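A.B. asks: Assembling the complex is the task here: the two chains are given apart, and the hints tell you how they should meet.
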Amino acid sequence: MPVWIDPDKCNGCHSSRQPPCLRMCPGDLIVKDHSVNKAYLKYPEDCWDCLPCIKVCPEEAIEFHLSYQFGSREATLAPHIHKDRDFITWDAVDVRGKKETFTIRTKVMKIALDEQVEDSEQGLDFSI
Amino acid sequence: MIERQTIETDILIIGGGTAGCMAAVEVKEKFPQYKVTILEKAHIDRSGCLAGGMNAINAYLNKGETPESFVRYVRSDSCGLIREDLVKSMSELFEYCVKKVEKWGLPILSDENGDYVPRGRWNIKINGESLKPILAKAARSAGAKVYNWITVTNLLTEGERVTGAVGFSLRNGKLYVVNAKAVLIATGGAAGLYRPNNAGDASHKTWYSPYNTGAGYAMGIRAGAEMTSYEMRYVALRTKDAIAPTGTIALGAGAPQVNAKGERFMVSRYADIGGDGAPTPYRAHGPIQEIKAGRGPVYLDTRGISAEKVTDLKKAYLDMYPSQVLYWLANDIDPGAEPVEVQTTEPYIVGGHCQSGYWVDVDRRTTLKGLYAAGDVAGGAPFKFVSGCWAEGVLAARAMGSDIERMEEKVLVSEERIAAEERRAFGPFENHAKMKHGIKSSELESRLQKIMEQYAGGASTYYEMNEEMLAIARKKLADLPQEVSGLVAEDLHQLMKAHEVIDRIDVAQVLVEHMAYRKETRWPTYHTRTDYPERDDVNWLKFVNSVRDPQSGKIVLMTRPYEQLVPGDRYKP
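In order, the protein sequences belong to chains A and B. Position 4, counted from 1, in the first sequence is what numbering that gives the first Met the number 0 calls 3; the numbers after and before it change by one each time, with no gaps. Position 293, counted from 1, in the second sequence is what numbering that gives the first Met the number 0 calls 292; the numbers after and before it change by one each time, with no gaps.
These aren't lab readings, by the way, just hints derived from the structure by calculation. Every value quoted in this text rests on a predicted model; they were computed, and no experiment measured them. No residue lacks a Cβ here, since even glycine has one placed at the ideal position from N, Cα and C. Warning: the hint list may mix true and false statements.
[As the list claims (entries may be wrong)] Facing chain A, a subset of chain B residues (Cβ under 7 angstroms, in silico): (1) HIS42; (2) SER46; (3) GLY51; (4) GLU128; (5) ASN171; (6) PRO209; (7) TYR326.
Isolated chain B, as found in the complex (with noise of 0.2 angstroms):
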């Protein structure tokens, strides 16, 4: 009998991360009457992306910059496609957001007339070490209610509404029922849908937070929320092995990349989109063409930089990613002398450096009532970065507020209902009590990384996919949901990590049905189609979109139109 604990709440927050803190601030800040309760999968404190820190805010309108001029450089580093009204609401509060921050106490380096000291046209500069755990005790403060170690296995429904989620407690095992007036999604993107580029214990030395499975994607797929974006998947560029933020070299030390032979080959071979300064996916793209060529390794070239400067890189890592450091230490590297290696991850779905996620409304609705997404859940606006999940907080929190002022009574969903969810939470328990050959999650884990790795554009093809491999990865992938039925979990840890492939094959069914749909090649290396090589403005210059039917399972993809409101050649900054 599985112990059940029910909670009360006006506003619940999926996930007490970048978003979900801000987001509990400014309802409280904003409408003090609502309780806001927020569902934590780890300890608020220290949990998701920003456990480890962060060195700089990589969305900022430094000075002379504005909405729009913003708005045309995300359009222009994504390829001409984006949502412009989600980009330019987020920009609009970007500064709002981090004088917030600044005055809970985070360090920003500013000159001596009081400004921030830029690191690149749209980055400041911060010693951000301790940024979650100050963003965690703002939304104590503030009075949210926060549950840690709860993992949510989904969201509740009747009819089109969203009325609460139900998880339950890695800690004393119970099940959490949470009714609610709004439900904000804010869990974060997802990392482990492909082989990482380590192995042993390093498997989890990705860059984005291996912690981060997709659950709040796999949640809204499973409830029929209108999804976008998918295909545009995020390949980063890398240090090598320690999987470490390149801009921290690329921006802070002026560092162009190089081959093996010494070339520049942003500059030879794309100086006419930018060169080092090319959009995004190009400057992952362009080391990937120099390897498979054969002129790697690929390098960023930091010969000769000052060993101040030296000391003002080691420092900035380590306020971010310590292990980069170690690496170098540990491998008597001096990256004064030695250019510093850099290689691409595995594929991410994270709609905060891409636009993978939720569709939503300016006021960051989800297409389910009662349902708001922001951060690297939501779609539609790239670029995001931390700054942009704070300002995508403040908008759905102001929109619950005002929203649930018009709402009269609460909805609640059935017994019945909770009852099947609680089955299938606990699952993986009943069935390591009764099997005696049942799936371990990693077996699962391996299985659907295979299929991702090497027939929807892994790594090892070089990013690269056509119709055909889509077609057996669908085929491939099918399999997976019936053998979730023969998931096992011998404790609590175990099935949350049980939980934490199921949603990812969720995810992953919905990107491949997405790849396969868009049939150009708009973002090389995200999402490069051997058999459709162009970008073609003329057919897809439009948001592919997907809903999974609730009842039949069902994936059904459809098209959004693209609106400018920006003026100007979206294909330049």
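For reference, chain A alone in the conformation it holds in the complex (with noise of 0.2 angstroms):
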């Protein structure tokens, strides 16, 4: 599975119909499960291993793990959003357990939790 959802970590982004992960996803692969509040990868066979999802995630909920077939799941990588946004810094962990950081410039523009869909009528809630 390339990309996961740690449901421990994932809160749903509180009342937000559509997280943002769910959002970013351009293959429309993420939904939320609005009984327990979480959002999960529904279709792993259709991700591309783009990432979008990972950056936008505000509780760095999600992993990106090798699909099995390529080699180890043990080795990680994972971004973090500088608070300025002007850069990413990306943590990497090879198979040995050896740590690497790279740090790149970027502009990551603001995201909301939660956003109208044109024309519907479900609700939009922004609260934290």
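C.D. replies: Next up, the structure:
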């Protein structure tokens, strides 16, 4: 499974109908289970490994795993957006546990926890 | 009963990607009086090709280069046949577009004199992890109205005129009918026509966005627009398994291709056409021939590059293809110590790398009145990449703005036509309710991909094809359109997936006709005809075009002449 949302960390972005991870997936692969208030990747076989979902998660609850057929699941790669949104730092841990970090310039746009869908009656809640 | 939402606009842009966002901004800047509406299949902030980011602008006129030198290069890279008018006109706008996006916030690496840092002859380095949200914000701020999660299923036409489009919302299930004076199609190219490299949970680990499924091509095919050069498929040379772009390594670290024996085969076998700098089709064809001859695997030889260069490589991939870095971490690979294995992808149809797409004039008008095309969906102009898509968005925007100034009234289509499209769009829903053994989109996708893979020049036949194979492909594909009437969808996501397959079937049929029609091998691997293995400038220095008759459904092939505008040897950069 390429992208995995840790249910222990995901808070469903509170009462958001459409949390950022769900909105930013270009394949419409993430859904929110409102009964438990958590998002999950519904269609892992359709994931492109493009990672916008990980970058916009305010809880950093989404993990990136290599599809197991390509190699060990032990290595990890996790992006952290800086507060000023001008840099992104990637924590990389290889299969032997060696850690490396990479800090790169960027220009991250602000993202709301929820967003109104055009012509829809569904509610919108930004409260945290 | 399907609820309906009707939108009135001046300009409709289908697809809020690279070309679409730039077009929206250009219209609002040059013609602020016009209403611009964008229908986007996903969310405009992170949709399509740029979702993961981009680490370079690969079409830029660095110091000393001119539109003419660019045309000469692209012409030789595309084996002597391009629409020179289109390539030249886009190159004249590279700087205009890149400076604009830099102003919007894209970090571009500059030297102490303020000049962009080149990464190759036509490339500059960017930190484009957030390129897509930057473009999206610009489009919204300019005043374009964006509708996210609309799967557009068809264009609306009245006679020869395109008057709008119809689609459905993935979120509220409503039918959207948009009436417009001008429509720009900017939906991207087509992935998923052939079997992908990987299976299981990596089946979408493709190079081209798996969510670009040829919708724009298919809509035009169904409406009777003239298409060009589908036979120039794109087969990309990419890193093994991760399918990440190789330019980052080849250009970024100057790594040459070597075979299993360590031989620099591009130099030893393709010296006369440029060795490691041979035209792009040969840089995929060369390694395929090594593997075919038993001299594989093939690598980009990164051994001996400095630790600093390795870090640069990793950073570049993190801006665009992070899974490449995770692949190295998981397999304990240091690209400075061992070479990076490469492979070729399944064929894609993409007008931004090759030149398959709508036949357009220099202002990006298609052959249908009121319909314009820009980006990967527009034909005749390869080597567009990001900046060329921007440029085409600008050109189309200017043409749309000035064309509709002269237009009096909006043309509206009949209720009958809209109702018919509603039935077609939601058909798989109805089928689900009444059919016991309906066909899932994934099943139809497998059937399509199997035909294309085995009879239409897939990777398993080293991308080779002949008349007889293509005849089988044609026959088997002909069964698929009626299969569509048995497609089922349980929810809106599945309905989108159903339309993705429907569209790809229409594209595949046109593709096979194009590949059968061109009786030469101009672009090896992209279109290797074993029965016509040589390039034939006497008979085939021209474009293969097609129109599918909207009434009979018959695909009619024709040729259009090539025109040389920039003098010089067409095979020399």
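A.B. asks: Hint GLU128(B) vs chain A: min CB-CB distance below 7 angstroms?
C.D. replies: holds (5 angstroms)
A.B. asks: Is the interface hint satisfied for ASN171(B)? The criterion is a beta-carbon contact with chain A at less than 7 angstroms.
C.D. replies: holds (4 angstroms)
A.B. asks: Does the closest beta carbon of chain A sit nearer than 7 angstroms to the beta carbon of GLY51(B)?
C.D. replies: holds (4 angstroms)
A.B. asks: Quick check on SER46(B) please, does its C-beta sit within 7 angstroms of some C-beta on chain A?
C.D. replies: Constraint on SER46(B) satisfied, holds at 5 angstroms.
A.B. asks: Taking the least C-beta to C-beta distance, is PRO209(B) closer than 7 angstroms to chain A?
C.D. replies: OK, holds: PRO209(B) within 7 angstroms of chain A, min 6 angstroms.
A.B. asks: With 7 angstroms as the cut and Cβ atoms as the points, is HIS42(B) at the interface with chain A?
C.D. replies: This hint holds: HIS42(B) lies near chain A, its Cβ roughly 5 angstroms from the closest one there, short of 7 angstroms.
A.B. asks: Holds or violated: is the Cβ of TYR326(B) closer than 7 angstroms to a Cβ in chain A?
C.D. replies: holds (6 angstroms)
Against the hints set out earlier in the document, no violation occurs for any number.
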